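**Student:** Sequence:
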Amino acid sequence: MFTNGNPAPGARLWDNVNDAGSATLTQTFNCGGTGDGLCFLSLEYIADTTYGSNMAVTVTLDNVVMYSANHNGGVTAFTPVEFSVPCGQHTLGISAASTSTSLFSNWMMVVDNDTASCIPPVSADGSTWSSLKATYR
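Residue numbers (our numbering): 8 to 144.
If you're looking for bench data, these hints aren't it; they were derived computationally from the structure.
From a predicted model like this one, the values you see are computed outputs, not experimental measurements.
Some clues are possibly wrong.
Here are the computed distance ranges between Cβ atoms for each label pair [what the hints assert, rightly or not]:
1) Thr-33 to Val-129: 30 to 40 angstroms
2) Phe-36 to Asn-77: 26 to 36 angstroms
3) Thr-122 to Asn-23: 27 to 37 angstroms
For every residue, glycine included, the Cβ atom is placed at its ideal position computed from N, Cα and C.
Please construct the entire structure, taking both the sequences and the accompanying hints into account.
**Tutor:** This is the structure we're talking about:
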């Protein structure tokens with residue numbers, strides 16, 4: 008981990024001396040336990056490429072693609088990725104892959120500010136029309 012100017016430490020994936028390559032970061036985590044509710048996940052990434060490299064970024068959750076993007080060149084600002092799934096145990100995967108026609112191209116991706124928060128459902132109070140009218144009398 009290192010500090011990259013964004014408010015928190017980040018993770019870095021890179022290929023420093025190659026004309027193509029890929030890397031994946033995976034982590035299994037428990038978002039709120041089992042039961043009802045939604046787990047809201049968010050992260051940010053930034054990418055840098057040299058010598059004409061193209062980069063594909065993919066975010067998976069439990070082996071299902073939740074986000075993907077292709078970039079021709081570097082990404083100059085942090086790109087937010089947000090989605091929600093049922094609460095419980097999940098495996099998050101973040102992948103970067105690059106292709107290039109240049110022998111000396113390289114690439115780097117920084118992932119930062121990843122969060123997961125389980126929000127339980129809000130119970131609905133059963134109300135009848137008569138009880139609502141009685142409230143305002």
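**Student:** Given the hint of 26 to 36 angstroms, check if Phe-36 and Asn-77 actually sit that far apart at their C-beta atoms.
**Tutor:** 27 angstroms, holds
**Student:** May I ask you to test the hint 27 to 37 angstroms on the CB atoms belonging to Thr-122 and Asn-23?
**Tutor:** Check passed, 29 angstroms falls within 27 to 37 angstroms.
**Student:** Confirm or reject the claim that Thr-33 and Val-129 have a C-beta distance inside 30 to 40 angstroms.
**Tutor:** Cβ of Thr-33 to Cβ of Val-129: about 33 angstroms, so the range 30 to 40 angstroms holds.
Of the numbered hints listed earlier, not one is contradicted by the structure.
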